[in-house]
Amino acid sequence: MLYLTPGDPAIIYLGDTPATPARVAQIRHAMGLDRPLSTQYLSYVARLVRGDLGRSLRNDDTVLGEIQYRFPSSAQLAGAAFVVTVTLGIGLGLISALSRGTWLDASAMILALLGVSMPIFWLGLMLIFVFSLQLGWFPATGFGGWERLVLPAVTLGLLTSATLARLARSSVLEILWQPYIRTARAKGLAKGHVVRRHVLRNALILLITVAGLQLGDLLSGAVITETVFARPGLGKLLVDAILNKDFPVVQGVVLLIAVAYTLINLGVDVSYAYFDPRIRFE
Amino acid sequence: MLGGVLLVLVIVATLLAPLLTPYNPLALSPTDRMLPPGPHHLLGTDEFGRDVLTRILFGARTSLRTGLVAVSLAIVIGVPMGLASGFYGGLIDRLLMRLVDLMLTFPGILLALVIVAILGPSLFNAMLAVGISASPTYARVVRSSVLSTKPHFFVEAAQAIGCRNWRIMLRHILPNVVAPIVVLGTLGVAGAIIAAAALSFLGLGAQPPEPEWGALLSEGRNFLLDAWWIATFPGLAIMVTVLAINLLGDGLRDVLDPQLRT
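Top line first, the protein sequences correspond to chains Y and Z. For the first sequence, position 173 (counting from the first letter as 1) is numbered 173 according to the numbering used here, and the numbering increases by one without interruption. For the second sequence, position 79 (counting from the first letter as 1) is numbered 361 according to the numbering used here, and the numbering increases by one without interruption.
I should point out that these hints are in silico values taken from the structure, not numbers from a laboratory. Predicted model, so just to flag it, every value in this text is computed and none were measured. Glycine included, C-beta positions come from ideal geometry on N, C-alpha and C. One should not assume that every hint holds.
[What the hints assert, rightly or not] Which residues of chain Y face chain Z? A few of them, derived with a C-beta cut under 10 Å, are:
no., residue
1, Val83
2, Val150
3, Leu215
4, Leu219
[To be verified] Now the in silico label distances, taken between C-beta atoms and shown as ranges:
no., chain 1, residue 1, chain 2, residue 2, range
5, Z, Phe436, Y, Arg201, 37 to 47 Å
6, Y, Asp60, Z, Leu297, 50 to 60 Å
7, Z, Asp383, Y, Ser271, 18 to 28 Å
8, Y, Arg100, Z, Val287, 49 to 59 Å
9, Z, Leu452, Y, Leu189, 14 to 24 Å
10, Z, Val358, Y, Asp61, 18 to 28 Å
11, Z, Val358, Y, Gly91, 48 to 58 Å
12, Z, Asp383, Y, Tyr44, 48 to 58 Å
13, Z, Val290, Y, Pro18, 27 to 37 Å
14, Z, Asn504, Y, Pro232, 15 to 25 Å
15, Y, Ile205, Z, Phe436, 32 to 42 Å
16, Z, Asn306, Y, Ile205, 55 to 65 Å
[Said to hold, decoys possible] Straight-line C-alpha distance at most 25 Å; calculated SDA-like pairs for lysine to any residue:
no., chain 1, residue 1, chain 2, residue 2
17, Y, Lys245, Z, Gly320
18, Y, Lys245, Y, Pro21
19, Y, Lys245, Z, Arg315
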């Protein structure tokens with residue numbers, strides 16, 4: 001698809017250098033662009049197997065090198081945001097379900113609905129305005145140190161936790177109506193004990209699925225969050241590469257994110273057996 | 283109900299934009315640069331002296347249109363795929379669902395970003411990108427509905443009397459899968475508005491000076507300290523509109539298709 005796009009990558013590579021026909025032909029030959037598309041594809045796959053993702057058209061650095069440099073920032077952000085997502089999402093959903101019909105339930109669900117409706121880039125800007133520019137509690141941009149991670153992680157985690165909260169509430173409510181929960185309460189078990197030992201354990205399967213899938217949303221949300229907070233991560237690399245028509249970098253980053261997403265989904269599927277003995281038995 | 287009322291208010295404000303404000307959303311006014319909210323400019327002005335409320339009202343047209351076009355495109359692509367896949371089964375089903383799986387490999391906005399990377403940044407390409415990236419969900423849901431509708435006797439009866447396949451799909455099966463499409467489509471408009479605004483915020487959608495909510499936010503982020511209103515109010519507008527659509531969609535889902543309830 002990338003090679004169907006208008007514009008010659010060889011001309012883009014030359015940048016400000018005069019793009020004479022001879023020079024363009026030379027660059028196209030060096031890049032392998034004068035070969036048939038099928039040959040180019042097979043060559044790309046062969047290089048991929050060896051870990052060669054090509055070179056950036058912009059600065060000639062290896063794509064793999066660029067990704068390795070930026071990966072820690074994105075991993076840090078995704079990890080921190082995931083903690084926020086799971087803690088807030090499951091916590092809010094649980095509180096809401098256990099307080100069904102009360103003001104606590106209504107408030108929690110209103111917050112969750114607002115969270116789902118809020119654009120992530122706007123939330124990021126508002127957090128920067130309040131906590132960086134007005135209160136001066138956290139730096140607004142950059143990478144390095146826990147203080148630069150707080151606002152981006154909260155931005156990314158808050159919005160994904162809203163979806164998880166709604167699903168957690170629904171899941172826990174379904175379990176609360178189960179006969180074995182009524183039995184546990186009838187036996188005189190404390191509410192906290194019933195929630196910990198019976199409700200949470202059974203809700204965990206669905207919640208883990210959704211939380212795992214939220215990692216995918218975190219990956220895509222990180223693209224925007226890194227741009228808002230100017231973190232040198234994979235998301236910002238991708239956006240800059242798109243704006244500069246740096247196709248090898250776009251290909252490399254998109255491939256990495258897609259593979260990571262697939263592996264996460266696989267991990268979630270495999271984790272079912274660990275958390276639900278019934279599946280293991282089957 | 284609340285969602286419907288809110289949405290109607292947003293649409294009415296959008297349609298009556300030229301009557302609600304005396305300013306031109308594109309007209310520059312250097313003497314009125316970055317004025318705070320006040321009696322003459324209710325939501326302040328931006329770095330070029332343009333009235334923020336005016337740009338939000340006219341931007342609503344762009345954003346709502348983008349959401350509707352993107353969802354329409356997603357339905358036009360996804361529904362026939364799902365219909366064909368569920369009805370014919372076999373090789374057609376396997377091929378189409380592998381294509382859907384391929385598209386679903388990309389999380390969230392990533393596929394839209396890839397499409398914009400290919401087509402180039404513009405509002406039209408952003409609509410295309412958001413629509414194409416949303417189509418796999420419709421294909422999956424419609425296929426699922428077709429699979430549950432197909433075994434019914436009325437389909438078998440239609441086949442028995444010699445109805446052509448396209449007629450069975452359009453006249454007998456499609457009306458029974460409309461409910462989930464309506465629900466998804468309504469909620470999809472909200473998602474499409476946010477996705478398109480995100481692309482514009484990144485500089486990959488609407489281009490200056492077009493008033494689009496995401497683009498307004500992008501313009502305002504450089505002036506957060508001196509003129510917080512430039513970025514704040516467009517974001518609030520997005521949130522209120524998306525909230526209204528989500529409320530409406532949730533209500534429609536409860537009425538039309540409880541199986542989709544989360």
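Indices of hints not satisfied (ascending): Hint check: 1, 2, 8, 9, 10, 11, 12, 13, 17, 19 fail, others pass.
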